[in-house]
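Both chains are given apart, each in its own frame, so use the hints to dock them into the complex.
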Amino acid sequence: MSPMRFLRSRNLVIGALLTGLFTGAALLSFLWVPYDVTQMDIAHKIKPPSGVHWLGTDHYGRDILSMIMVGARTSIAVAVLAVGIGMGLGVPLGLWAAARRFSLLDEVIMRGNDLVFAFPSLIIAVMITAILGPSATNAIIAIGIFNIPVFARLSRSGALGLWNRDFILAARVAGKGAMRISFEHVLPNILNLLIVQGTIQFSMGILAEAGLSYVGLGAQPPTPSWGRMLADSQTMISFAPHMALFPGLAILLTVLGLNLLGDGLRDLLDPKLRRGRT
Amino acid sequence: MTRYILTRLLSLVLSLVAASVAIFLVIEILPGDPAAIMLGVNAQPDTLAALRAEMGLDQPMVIRYLAWVGGMLHGDFGTSYTYHTPVAKLIGDRLAVSLPLALFSLLLTVVIAFPVGIWAAARRGSAADTLIMGITQLGVAIPNFWFAMLMVVLFAINLRWFSAGGFAGWDKGLLPALKSLTLPAVALALPQASILARVMRSALLDTLSEDFVRTARAKGLSRAKALRRHALRNALIPVLTIIGMQFSFLLAGGIIIENVFYLPGLGRLIFQSISARDLITVESVVMLLVFAVILVNFLVELAYALVDPRLRSGR
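Protein chains in written order, with full-length UniProt numbering: chain A, 1 to 278; chain B, 1 to 315.
In case anyone wonders, no lab produced these hints; they're calculated from the structure. Treat the hints with care, since some could be wrong.
As the list claims (entries may be wrong) - With the C-beta cut set under 7 Å, the calculated list includes, among others, these residues of chain B facing chain A:
hint	residue
1	Ala141
2	Ile142
3	Met149
4	Val153
5	Ala156
6	Ser248
7	Ala252
8	Ile256
9	Asn259
10	Val286
11	Leu289
12	Val290
13	Val293
14	Ile294
15	Asn297
Beta carbons: idealized from backbone N, C-alpha and C, even for Gly.
Extracted from the complex, chain B is given alone in its bound form (with noise of 0.2 Å):
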């Protein structure tokens, strides 16, 4: 167990020395100086000079990205150029609202998947089983910001159920602000769960047909049984691949809906720093959603050693 958590361990460190590589190259190979970019056309050469020296432009690039590594690694993210602000204090504030949204929206994915999915694979064939299958595929195709717009339209425009925008904001209490949360949740859900409960499906329709959960079945078990006891825990794996793989899915795949609902997450962070040319924001920014995707995929590896003794052993 020790070595398979060392070298995940290893290949996380891996992947994020990569990363933070290859983002750093690609704001730097790409044409252009980052600081004229930020400061547009109309720069005068002096603060063109100042924000040079500022962002450290005029040192080698290794000590430039030495610098930068470092500095995340003590917390410090630079400083915003634009909002003259910390970039960890405005990521940190973002991300109040876009990490319970991606976590908001993950729970309700897993909700609606699971009961599906199982439902599903117990009615493999039936009416039910195909009716399923076809929402579900309807479920994938339908693009998320779309669907929020249309359920704006219902709940906000029509019934006034929710707000059609905006973030009511934590100090408001829980409940207004879930309640804020609640649409762009739910349009974030809606195609994950669709996909989850088709992987659900077809991952516990390979283990139904295998020969551990025959035997059990032989011993007497009924089907729903055996489908509980046996087959649930080996169709594991596969889900919780994807379900890691949707979790980077909803907290990157926010930033589309953040801006549907005008929320304040990172999403538009990451929008308005784009078109305020705020290079330093969006290097940061970026690089802590792939942190936060990369880590994702360590736990869910770990998570795997859980459900799978096998793995434990070392491959």
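Pulled out of the complex, with its shape left as it was, chain A reads as follows (with noise of 0.2 Å):
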């Protein structure tokens, strides 16, 4: 096995190893948390790491590893969701626009899709939860929406080279309507497509919804989420900067986690693209 090789599968195994680790901190903080992250703690305010909490205590006295397992499940259901909002209407649309290829409907869905892409993701954020008002609901939809485009584009280039392909010729003398074949011919074989980009979105979506929390447009308190962590530590970083650097420290490695998946994932699903990567 050449060096680049093992790399490639050390990504995955390192990757699926951080991804395990959050998500599994998120499931078990809704078994097991150290401590209850509603209850204040004034007189242990602001501790540094110790013994009794590991990663020290915010200036209300929450403990702070608790406080990022709890965040961690904000984080997650977020970007999953978002995620979820993107293949939801991406895909279909990307699959509807390759089986109408070149007609006026497909450039009437490509080019909205080229009209959201080319708008500034996280002012579009900022202004629709800025509206409809802060909250991890409205986060997930201003997130979402701009992973339409991301996998309608990615689900009708995949498939406009499926549709010359002799399986799918055979399956429209069988007599299958163009819904049909997308969905039982097309959608299969763009699938492990779908499912790296959903890795790299992902972790765009963690991004994204710490910077919205930091800015107050996420999750509201008291549910606590990184970036408020985050902001709440800021006035205070000169003198308890455990506040700080741990909840960062949490969306850089799940973050980078899900980027070192989802290139492990393309190597292991798309041996095609392994040239251009080396």
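Spelled out as structure tokens, the structure:
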């Protein structure tokens, strides 16, 4: 095995471990957390990491490890649902455009996608949450909208190549309609692409959620979220750096894990792409 | 070439019209009366009616849209409800911070990413390449506002090289102003430079495996020369696309970084307007930023034609 091959499988292993760690922490938080995150303990506020509070406490005396565990739920839920919106609407649109390729409909769908794509996503997310009011749900909608064109473009370009293939022709000869062919024959063949892209959009969703909740437009208190923890820590960073360090590390490691997982999956699922990336 | 520019120009105009309609409709369709949203729950009926008349909300939707777009074409973005000053002036003041910040970070992005990407591509598979790719992987994953906070701790609080926030103002001279933009620009640039370096590397590796590069090598050019003279120019198309997208990202992404450093830029303006429910300002700032993004995309497409003569003869 060459060093690069090894590195690739290492991507997959490290990525899966990190992703598993944070997903596990989020799931575990439903059953058990070291301390109740809604319980203030002013006597023990802003304590550095210790044997009692592994990652220290915040300005209300809440346990930072527990908050990161519960915050993982928020981040993962927002990102997963945003990817869900993008896939749920984008993939059918892309498949539809490919089935009616080069028609007016195709043109309209793809130009519409270009338009959404051209929008500065963060600003529109800010505008949407500003008008609808800040909440996790609105953050999901705001992030999700910008996932739609990503999946629509990917599905269309993946599907276009397939429509010329013999097995699709066979399905058409057998009398299957465009929609049935799209879902029964095209979709399974572009699933790999979609899974890899889904992982990447997942990591971008985590970053976007963190950014939105950092500026106060994500999940609202008392729901812990990583971005909000960072915002809270900002004024105390000179004497309580641990409050900023751990939530930031949580975001960094989760996003890194998902990116590595995406790279690893791409190499595993799509050997054709290997050449370009080595 | 003219045909290429004309078609691009047409799509630029269409995009702008579509974008303005979309932004207008978002504000329009959303539940609630914009005037009521702006005044809050304790609004008196007569102030509400006065504001509705001032905003033209008693007019039909099409008329309001045309008035809004028509005004913008004349540089009239309306009057801010909270600042009682023309929005155009507000934007102009803030743009004097946000635009230099975006350009500064774009410059840093390119200056870091090009050498790093080229260096890694030239040493593909080596330990140095692996290390660089590992570092860029971290750079892509780091939330830029967190990175900004860490830099404040190190460079502002501990080393005291820079101030932790605020903007010196251009009237204090170029150097103090640039100094107050340095940490924000680095915070914005690092993740983008990581992305660009990765794109640069893989684009170069793609072109390096093409036949014309092999021919150049066969003619006796060294690997480094073939890379510089032949591969680099051809790798520029994907790199340019990403740079274009990054500029819009930097302009828009500044809105969070400006918050970390308390910079009086467009980002702060948006958030202040949002918390003051000043929808007129929000709408205009968003439209301006979308306009900037669409314009940059247009310029990138023109740049393609300069880099790749094949595109000039129309597709």
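Now for the hints, and whether the structure bears them out:
Given the 7 Å rule on beta carbons, the hint for Ala141/B holds: about 4 Å separates it from the nearest Cβ of chain A. The interface hint given for Ile142/B is met, as the beta carbon of that residue sits about 5 Å from the closest beta carbon of chain A, less than 7 Å. A cut of 7 Å between beta carbons decides the hint on Met149/B: the least distance to chain A is about 5 Å, and the hint holds. This hint holds: Val153/B has a C-beta 6 Å from the nearest C-beta of chain A, less than the 7 Å allowed.
At about 9 Å, the closest approach between the beta carbon of Ala156/B and any beta carbon in chain A exceeds 7 Å, and the interface hint on this residue is violated. For Ser248/B, the shortest C-beta to C-beta distance to chain A is roughly 5 Å, which falls under 7 Å, so the interface hint holds. With a least beta-carbon distance of about 3 Å to chain A, the hint placing Ala252/B at the interface is held under the 7 Å criterion. Given the 7 Å rule on beta carbons, the hint for Ile256/B holds: about 5 Å separates it from the nearest Cβ of chain A.
A least Cβ separation of about 6 Å between Asn259/B and chain A falls short of the 7 Å threshold, and the interface hint therefore holds. The beta carbon of Val286/B is positioned within 7 Å of a beta carbon in chain A (closest approach about 5 Å), and the interface hint is therefore held. Because the closest C-beta pair between Leu289/B and chain A is about 5 Å apart, less than 7 Å, the hint holds. A distance limit of 7 Å between C-beta atoms decides the matter here; for Val290/B the minimum to chain A is near 6 Å, and the interface restraint holds.
Because the smallest distance between the Cβ of Val293/B and any Cβ of chain A comes to about 5 Å, under 7 Å, the interface hint for this residue holds. Residue-level restraint check for Ile294/B holds (minimum Cβ-Cβ distance to chain A is 5 Å; threshold 7 Å). Residue-level restraint check for Asn297/B holds (minimum Cβ-Cβ distance to chain A is 6 Å; threshold 7 Å).
Hint check: a violation occurs at hint 5 only; the rest are consistent with the structure.
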